[in-house]
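**Q** Each chain, written out:
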Amino acid sequence: MTATLKVPAASAVFAARNRRANQIALAVLVALVAVAPFVAYSFFVMNALCFALFACAFNLLIGYVNLLSLGHAMFLGLASYVGAHAAKVWGLEPVSAILVGVAVSTALGFVTGALAIRSSGIYFAMITVAFSQMVFFFCLEAPFTHGEDGIQAVPQGRALGLIPLSNPWVLYVFVAGIFLFGFLAIQRIVNSPFGEILKAIRENEPRVVSLGYRALRYKLAAFVLSAAITGLAGATKAIVAQNASLTDVSLSTSVEVVLMTLVGGMGTFYGPVIGAIVVVSMQNYLAQFGEWVTVIQGVVFVACVMAFRRGIVGELAARAKISL
Amino acid sequence: MNIFGHAISLPQLYGQLLIGLINGSFYALLSLGLAVIFGMLTIVNFAHGAFYMMGAFAAYFLLKLVGLDYWWALILSPLVVGAIGAVVEILFLKRLAGFDPLYSLLLTLGIALIIQGLFQNYFGSSGEPYAIPKQLGGAYNLGFMFLPVYRGWVIVASAVVCFGTWLVIEKTKLGAYLRAATENPTMVRAFGINVPRMITLTYGFGVALAALAGVLAAPITQVRPGMGADIIAVVFAVVVIGGMGSILGSIVTGFVLGVIEGLTKVFYPEASNTVVFVIMAIVLLVRPAGLFGRAA
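Those sequence lines, one after another, are chains A and B.
At position 260 of the first sequence the residue is numbered 260 (our numbering), and the sequence of numbers has no breaks.
For our numbering, add 324 to where a residue sits in the second sequence, where the first one is 1.
Do not rely on the hints blindly, as some may be mistaken.
[Claimed, not checked] Estimated spans, in silico, between C-beta atoms of each pair:
(1) Pro-453(B) / Gln-242(A): 38 to 46 angstroms
(2) Phe-423(B) / Ser-11(A): 24 to 32 angstroms
(3) Phe-14(A) / Leu-403(B): 33 to 41 angstroms
(4) Ala-303(A) / Ile-399(B): 29 to 37 angstroms
(5) Pro-335(B) / Leu-160(A): 56 to 64 angstroms
(6) Leu-160(A) / Gly-422(B): 30 to 38 angstroms
(7) Gly-161(A) / Gln-546(B): 47 to 55 angstroms
(8) Thr-366(B) / Phe-14(A): 52 to 60 angstroms
Think of the hints as simulated: they come from the structure by calculation, not from any bench.
All values derive from a computational prediction rather than experimental measurement.
Think of the CB as a built atom: it goes at the ideal place given N, C-alpha and C, for glycine as much as any other residue.
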């Protein structure tokens, strides 16, 4: 008891330092997002932002609940298809189209999550792989996705009927806004009382259960939230790229998001963003080497798992004794 | 017959049943390998599909470069690929023993990417043909259908290997050591048994089973870099349905699901790719630990 009485002073100092570090990190992130389209091709940056949001949503599960979903592309890809379909065939304006995509990925998250959440660890990973493969086959065969061709020429239209997204600068502000909204939403979730319970479940699930919490419901809620934010990233991506294809729903995309989070740092706010930028750049600049990209990704995977488990941001934060 | 609006002919039914049994043989061999590895190392080997593909390619190389035929490949390919698996275990997996098993899964995922990327680099996504050995050419006339000899051989061979593995693990002294080491490795080590080496050999053996499945598949499916990635998700679903850690469960579930998949192709072809996953969802609802699994 005496030990815990002494802690508040130390932890208050730590918390203040942490808060300042996170304020600085957030300011740097916002500045980077603002400057990025002036130094890099803006469509490349927007694509990276969509993947960054995807990785952050994935990290909500692996980083804070210790649930490894190896099928997260099903949410990204399905929301992308539905968003594209809503914008193109139903003629919805982009914000509504994206919301329809989010609604569908949320529903898919609820159904698959309800079935998978009772298991954990590697079992959970295998079940999510299987479900995402099922969604892949659904997308391959359902008429509205146009199979191998995907949905092409998705109109960007006017957001809320007013803001023309066909202007690349306007589109960039729109996508950056969505990214920051999703990013801050995840931070808010993790730092809320709900997030504290999630972290408690990660540390010691039986104890949380014995305290009277329904751990499974909290885990399911986290899974559904993660699916919803992933859907937000996917549907936005469909509007940016003006297409939806099978790649976004494939196992390789599920694997890539794991790699992004691992490289950047699992269980950190900023790690998945950095990891997404690294992996997307790698694909972009190494595209000329064809399948070597896959080999390099595999090597990075092995290197991270063997020697660099904290990832880039996790390593930096550990050195500076803060949590980012 | 007319079911769900599809006209069904008996030869078609038997044909798909046969294909189902063949696929079931591969599912059984692969999920058995996963179960053996899981039992000993409590990890999921994500590189299993890649090792299956390597087994097929090893047979292809043995024929093309060394001139050794199918029968040699049947022995050498699992040995070589199994040895590679053992090296992976010694170099990487052993060092992750104390960490969360998720790291081992991620490691095998990275290794799968490396292997698959390398093969795709040199062979693209197209397949290389591998001829059926001449001793197994032709077909038997069973009266109601023609059974290609090679297909019959695949079913019998994999059933024998699966049953043999089950016998060794459940009925022999070696199997008893293995099961004991799964329960309490420290105690088994205290009896003077080299448990770390046993773990390496177990991993190598599981990988060798995948490679054997690859050799058996080579004349049927062609030798393709993507053949492992295509099958691995279904095999995972099979393992989840059967329940982890049950040797017999993985064998039975593999064969049965292959047959169900084949039947679905006859009665409701649109669902043939997804039926295994739908069954998995139902099993998870009714028996979360799997049909043969013990509750965690």
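**Q** Which earlier hints turn out false for this structure, listed by number in ascending order?
**A** The structure breaks hints 3, 6, 8; every other hint is satisfied.
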